[in-house]
Structures are given as C-alpha cells and as structure tokens.
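Student: Residue-level listing of the chains:
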Amino acid sequence: MSLATALFLAFFGIAAIWFGVVVFRTHSMVRSAIALLFSQTAIGAMFLVMQAEFLGVLQIMMMATEMSVMAIFMVMFMMDPGGMGKMDMTHQKRLSLWAGGIGLAVALAVIWTAGWQGPVPEVPGADEQARMLGRELLGRSMFIFESAALMILTAMIAATMVAIAPQERDVP
Amino acid sequence: MSIAIVLLALAVGCYLVAVFEGWAVHGRFSLTRPAISALALLGREQILPRTPDRLFFETGPVLLLVAGLLSVAVIPMAPGLIITDLAIGALFLNAALAYVLVALIMAGWGPNGAYGMIGGWRFLGQFIAYAMLIVMPITAVAMRAESLSSTQIVLSQVALWNVFYQPIGFVLFVVAALGVAWLPPIDLPTGGGDLGGGVEAEYTGARLAVWRLARLVIIVALSGATVTFYLGGWLGPWLPGWAWTALKTLAVAAAMLTLGRHLPRLREARYLAVSWKLGISLALANIFLVGVIALVVPI
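Heads up: the protein sequence lines correspond to chains A and B, in order.
Heads up, my numbering is the position in the first sequence plus 383, with the first residue counted as 1.
Heads up, my numbering is the position in the second sequence plus 74, with the first residue counted as 1.
Please keep in mind that the hints were generated in silico from the structure rather than gathered at the bench.
Treat the hints loosely; a few may be bogus.
Going by beta-carbon spacing under 8 angstroms, a handful of chain B positions derived as facing chain A [what the hints assert, rightly or not]:
| hint | residue |
| --- | --- |
| 1 | F166 |
| 2 | N168 |
| 3 | L321 |
Which residues of chain B face chain A? A partial, calculated answer using Cβ under 8 angstroms [stated by the list, open to error]:
| hint | residue |
| --- | --- |
| 4 | D159 |
| 5 | L160 |
| 6 | A172 |
| 7 | M180 |
| 8 | Y189 |
| 9 | I192 |
| 10 | L198 |
| 11 | A205 |
| 12 | M206 |
| 13 | S221 |
| 14 | W235 |
Just so it is clear, the structure is predicted and the values come from calculations on it, not from any experiment.
Each residue gets a CB set at the ideal place from its N, CA and C atoms; glycine is no exception.
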C-alpha cells in the first residue's frame, strides 16, 4: 500500500468516525441523520480508496436513500425534530458507556486475533470485480441474500400494518 | 483536455436548456434572457431567513451542483471524449443522482420555512416513486451491453438503438427522469402557484443562481443519460460523434421541458402509486423480455 493510499484511507476513516460522533452531538434530528449519511459515505470512500469501485459506489448510493428516509421518520416521531428545545440526545449514559467500551474491546480483540491474509498483491479490474461479485451473489451467497430480502419484505409489510390506523368497525 | 471540452459543452448545453425553458414557460424565445437573469440574480440582495440551519441552507445548492457535475462525468460525448470512463459508469450515475435527494432535503429543511420544508419532503416522496424506475431500466440496458461502462453501453447499440430494443425501459426511464429533475407534470417540490416556490422559496441572489444552474446541469445530465442508454449516444451517420451527442441531448432536453407542460400536475402520492403498481411491474417485465431476447436473438 502506497503512502498516499494509506493517508487517504486514514482521512476517510477518521471522517467516518467524526461524523459518527456528530450524530450524537447535534440536537437536530435531520442533522443527525445527514451526519450518519456522511459517516457511511466516508466508508464508501474508503472502499474506493481500496479500489473496490463497485462496492464503494454502491455504499455511497444506497446510504443517500436510506438515511434520507430515516430522517423523515425521525422528524415524524420525535417531539423536537429541529433541536430548538435543546432536547438531550443521550440517555442511560452509564449503560451506554459500558456497552460502548465492551463493544470496542471485542472489536479490537477480533481485529488482533483474526488471521488476516495480508493485502492482495494484484487487485482485479473494476469490471472483473463486478463480474466476480455477480457470480458470488448468484452462487454461494444466493441463499443468504434471498433470505435477507424475504425478511426485509416481511418487516416492511409488518411495519405498514402497524402504521395504518385501525379502521373503526361496526360493533354488532 | 477532454475534461475541458466536456465542461465547455456542458456550459453551452445548460445555457441552451435555459433558453428552451424560458421559451416553454414564458412563450418567448430569447437568446439573451438567461444571461440577463443570471446577472440580475447575482446582483440582488441575499436574504438570510430567521433562525436557519445555516449549514444545510448553504450546502443544499452546492451539493445539488456537485451531484449534477458528478453525474455528467460518466456520460460520453464521443469515443474518448468523457471525463472519466469508469467500468461501473451506470451505477456511478445512479449514485450521483441519489444526492439530488439529499440536496433537496437539506435545502428544504435549512431555511426553517414551511414552504421549503414541505417541498423538500415532497421530493422524498417523489424519490421513493422514481428510484426503482431509474435503476431497473438501467439494469436491462447493462444486461444487453454486458457491462456497466457507459461507453460499452453505447457500443452495444451499434446494430439497434435501445429505444427500439427495449421501448418499455425507455418510457419508464424518461418518466423517472422527469421526477429526478422535478419537471412538469411532476414539479410539486417547487410547485409554482402551489407552494410559492417550495424548496426555492427562501433562496435569493447568488444562492438561487447556483441552485438554478445546478438544476440545468441535472437536466442536461439526465438528457445525456437518456441519449447514452437509449438513443445510441454518439452513433449516427454524416456528422461527427460529439455533434450527434449534442444534438440528441438538446432534443431530449427540449422534449422533456415541453411535453410535460401539456399534462395536469401529478401529486407525489399518485406518482408513487402509479410508479410502484404499474411502473415496477413493467420494469420487471422489461428485464425479463430483454433477458429472453438477449438469449434467443443476440443483436
């Protein structure tokens, strides 16, 4: 890995973490959602730095939609979406600190103990990567993706059912 | 060098689209009007609304311009005349256009005004309607080309343009493109006569000039994408390739600007219902048909 690549990777990594912090520092729900979007976009940029063009662009594209939809839900359900009333975004601080600390420790343990194979010497071209991803998705990983899709569809239908106000029926 | 040429062509294209739009809206053809309007906007007072989300307010128009410019980057004018010929160009175009939504939400939320906010959220509803109709027709186009590269997609149409090969996809893509650029009859995010300018309502002066320029770039980008994906890009007899791309792009832009004005406005809820119930079914049928044709009679 060249020095420039490493620098860019570190820059986008730090940007991702910083925007993640901003999510909780702001009082505005929309700012929070957009900060999460830019955190995820920075991760997409990290994919691009690592020459995974398809995955990077896909990440950058999908998150724009998802976080925007999340923003409107946050505005709908929170009592102070603009953050004008200085509502506190944090709660259960002791529990959150412990959960965050343990999560970090586990993540670091996994990073240090996992047997990484080292960087790949030769990165396949972007069109070759797309072809390989397609074969993977329509082959070995197809069942995982199809079952995930089915679960998301079920959740969507269930969420819609919950959201629709019950109609008043004539009581016999 | 090719970057400078494409950007120059984009600037000329935006100007001509502005002339067309003025002609379509006001009924008067004037080559100087867009320049005068731009100068007037730049000279006007810039009003800042009370208690805005300043960051969003300032970022909205700039992000819209960046999204438009990035989507232009993968549209080829001629062989080699493209800003960057990515292997995943079609997907990149989608990704760039997704940030049009983010820009509109930011610009709608930023000024802390009711009209802008309603306009911004309306565009989100509109986005949910058109998103699938942008992606699924492009999938069928990429299936025929066996590549996501926009140059390869043009080359795959040497024998027959995609508009004849997959007409359903073409119609769906154009309807979705009208939604992306909030052109009539799907122009409720800025809905003149309904929301007092919607997302644009609180913008004045140079900020409004950037916003309007960004929208022109997006219209040119979408017309260019339609030409690349369905109308054979630079392919054509007698004239050089870049001239064909330019002529076709302007023709598509003119059609997009004028045709919709003769239809009644479509509310975003209605657009959503039609897009999902009819549009997605047709888009799936289109993918299936293109798959069958590609396997049975490879053209």
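Student: Taking the hints in turn, state whether each one holds.
Tutor: Checked hints:
1. Interface restraint check for F166/B: the shortest CB-CB distance to chain A comes to about 5 angstroms, inside 8 angstroms, so the restraint holds.
2. The beta carbon of N168/B comes within 6 angstroms of a beta carbon in chain A, closer than 8 angstroms, and the hint placing it at the interface holds.
3. Taken as an interface hint, L321/B does not check out: its beta carbon lies about 30 angstroms from the nearest beta carbon of chain A, beyond 8 angstroms.
4. A cut of 8 angstroms between beta carbons decides the hint on D159/B: the least distance to chain A is about 11 angstroms, and the hint is violated.
5. Of the supplied interface hints, the one on L160/B holds, with its beta-carbon coming within about 7 angstroms of a beta-carbon of chain A, less than 8 angstroms.
6. The criterion of a C-beta within 8 angstroms of any C-beta in chain A is met by A172/B, whose closest approach is roughly 4 angstroms, and the hint holds.
7. A least Cβ separation of about 7 angstroms between M180/B and chain A falls short of the 8 angstroms threshold, and the interface hint therefore holds.
8. Interface hint status for Y189/B: violated, as the beta-carbon distance to the closest one in chain A is roughly 16 angstroms, over 8 angstroms.
9. Hint status for I192/B: violated, given a least beta-carbon distance of 12 angstroms to chain A, over 8 angstroms.
10. Hint status for L198/B relative to chain A: holds, with the closest Cβ pair at about 6 angstroms, below 8 angstroms.
11. With a least beta-carbon distance of about 6 angstroms to chain A, the hint placing A205/B at the interface is held under the 8 angstroms criterion.
12. At about 11 angstroms, the closest approach between the beta carbon of M206/B and any beta carbon in chain A exceeds 8 angstroms, and the interface hint on this residue is violated.
13. Interface restraint check: S221/B against chain A, minimum CB-CB distance 6 angstroms, threshold 8 angstroms, status holds.
14. Using the Cβ-Cβ criterion of 8 angstroms, the hint placing W235/B at the interface with chain A is not satisfied: the shortest such distance is roughly 23 angstroms.
This entry does not satisfy hints 3, 4, 8, 9, 12, 14, going by the numbered hints stated previously.
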